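The lines below spell out each chain.
Number of protein chains: 2
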Amino acid sequence: MGSSANGDRTASSNGVSVDRGVDFANYFCTYGFLYHQKEMLCDRVRMDAYFNAIFENKEHFHGKTVLDVGTGSGILAIWSAKAGAKKVYAVEATKMSDHARELVKANNLQDVVEVIEGSMEDVTLPEKGYLTSNLVTLVLGVFLGRFIMIEITFHNIMCVMAFPKSSGFVRYPSHARMWVAPIRSGLGDQKTSDYESSIHDWECFLNETKTYYGVDMSVLTKPFCEEQRKYYLQTSLWNNLHPHQVIGIPAIIKEIDCLTVSVSEILNVRADVSSSITVEKTFLCGFAGWFDVHFRGSRENPARNEIELTTAPSVDNGTHWGQQVFLLHPPLRVSEGDVMAVSFSMNRSKENHRLLEVDLGCEARQSSGKHLRPFNQRFYLE
Amino acid sequence: MGSSANGDRTASSNGVSVDRGVDFANYFCTYGFLYHQKEMLCDRVRMDAYFNAIFENKEHFHGKTVLDVGTGSGILAIWSAKAGAKKVYAVEATKMSDHARELVKANNLQDVVEVIEGSMEDVTLPEKGYLTSNLVTLVLGVFLGRFIMIEITFHNIMCVMAFPKSSGFVRYPSHARMWVAPIRSGLGDQKTSDYESSIHDWECFLNETKTYYGVDMSVLTKPFCEEQRKYYLQTSLWNNLHPHQVIGIPAIIKEIDCLTVSVSEILNVRADVSSSITVEKTFLCGFAGWFDVHFRGSRENPARNEIELTTAPSVDNGTHWGQQVFLLHPPLRVSEGDVMAVSFSMNRSKENHRLLEVDLGCEARQSSGKHLRPFNQRFYLE
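Residue numbers (this note's numbering), protein chains in the order written: chain F, 2 to 383; chain H, 2 to 383.
Okay, chain F solo, but in the shape it has when bound (with noise of 0.2 Å):
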């Protein structure tokens, strides 16, 4: 790739490096539509978590300086501001900027929050010193990506990590955690049908190709079906499943405290778990991944009114966040007792920071003793 050559890259702790022009053009484009903002502010449930969590917790926005990072619409910066906040900096990385000011002016807030345009690495705070002291809360709208990881904004997280971990430092939200779960799931077979006939296109096409063009193609069999397998077998999808697909008692992979989380800790989860089959005699299509979040404060300063946001399947509360899920081929049958050893490892990608493979391993062992067929797979998540 051209951009290896000539990008200007930053070498980051974990060795993973970074082009920032193309990873802000490939990120940011998104968040610059009004259109995306809406979705994010229709999605009721998170609009009632991050609502709550600080209109019944008002002491923690009350004569206050607050930060908003990525504030897009300005809807977070403008309820802390009606919270009683001092100050509200909201800062947001793109032309989202300009309607965010209008917002927060047509809502006659404009004394108290001021919008900034910039990513949180190159913006300088007009009161960096005031907001390095304890009399700061710090509002994480967009934090949050799908299964927390995926789209999250490398910098930002550097930068929000950089600030002083003290302990009147709040955070909104305070904790995460990230959860596995064995689905059941008709998703699969759809994608090994995908697979399939696209193998079969494949050999029509090498035939098609050698007798009208002369040219035999069939040395590139092996690394097109390597490259469909990835695109339609490992690929984790996005999905919002149903509470009855997950056949199994739901694991923590991951817990994270906002306030001390490290940035290697982000960049590579690794986790062991067990998880039970609840179900009788049912298949194991895969796993899916989700996340929760809580309004905790901090030890010093906790919440009146701990609020919790989740993005566990749900019929009546889904979010636009859904669930993340990984595949198997073919599916394995289990039933009720079923205990199912997963590894579960994440990192990002060595070519794109903000591409993630997930290694997910299972090793079920039946109640009656028996081993199934161990699985062992990677996958690709965009």
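Hints are not guaranteed to be accurate.
Identical copies look the same in the list; a pair holds intra-copy or inter-copy alike.
[Claimed, not checked] Derived pair list, reagent style EDC-like, types lysine to aspartate or glutamate, alpha-carbon separation capped at 16 Å:
1. LYS223 to ASP258
2. LYS211 to GLU228
3. LYS83 to GLU358
4. LYS39 to GLU256
5. LYS96 to GLU227
6. LYS211 to GLU256
7. LYS83 to GLU40
8. LYS223 to GLU337
9. LYS39 to GLU209
10. LYS96 to GLU352
11. LYS83 to ASP217
12. LYS83 to ASP112
13. LYS39 to GLU228
14. LYS87 to GLU301
15. LYS96 to GLU115
16. LYS83 to ASP99
17. LYS106 to ASP217
18. LYS96 to GLU228
19. LYS39 to ASP217
None of these hints come from the bench; they were simulated from the model.
These figures come from a predicted structure and were not determined experimentally.
For this one, chain F is given, so just place chain H on it according to the hints.
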């Protein structure tokens, strides 16, 4: 956007600034997949044209040095070798170069075809002095984007243009033309309806945000409508039209001689043309644009058999390029004999040189002499 501050920018002659890192990442990711190569290789109209152009004009290849710009899977380089080329340099910017090299080897042509990974700007050709002499044929497979101008590799063109315009330096293809024609289509109604329903959704969203979260977002209605208008009504669409949908005489808006064309000619296309309606009592729903190319060799070295490749609407000979559609909202009643005076202007976006902006104006005069509502619209192409 962070990229403007941090990317490695190259200023070009027309003042459009290009961030190479972003550019390469966005462009070349598509062409790095065999799936996409297969899509192009399955386009029988494209394949037949290049195949016939090469094998019916072997004298332009036999004993010659050939430079294949953007070789992809390597098929045009292989054909050039089979047509008797002494040496073929096949330049490819993506990792597809590895597959091309394998394919060359599997077809036992590794002594003739040398695959070089890199962009035209960066690679050092082993015999550059030789290449700039008169004994070279230049194969421009990747040269053609949708409507010619979309997706083309700016840097490659810059480099190809830099080759001396000596008369023996034959280009394949040698000539290209861009066309527009008045069309009828149901797509416009669909897009208008999509636009209207997105605006209706927005009104509901405003109400909910005001009621539940106490924030009046109506100040964003105007920019939201503009954004949606641009997306639904002002974005040019890819389409494969039926010839019956063309309701007037196609007009040429640009003729390109690939030997003498300059960069500025490609960056800005302007034309005033006229087209007569050929269908009685119908609706003018917009215009379609397409291109054709010819393999004619050069004046001093004309092709023995001139080959044409057209991407015009066709029942049996459609191509993967399709046509580019510019829709009118609402459509205009027209009839046989009405004359459309069309002004067409295409420029590269200042923000991203790969994005094109088209200003399309039309004044219709009925055969009775009466003038219809004039029409002027900006379109965005990506």
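Hint numbers contradicted by this structure: 1, 2, 3, 4, 6, 7, 8, 14 and 16
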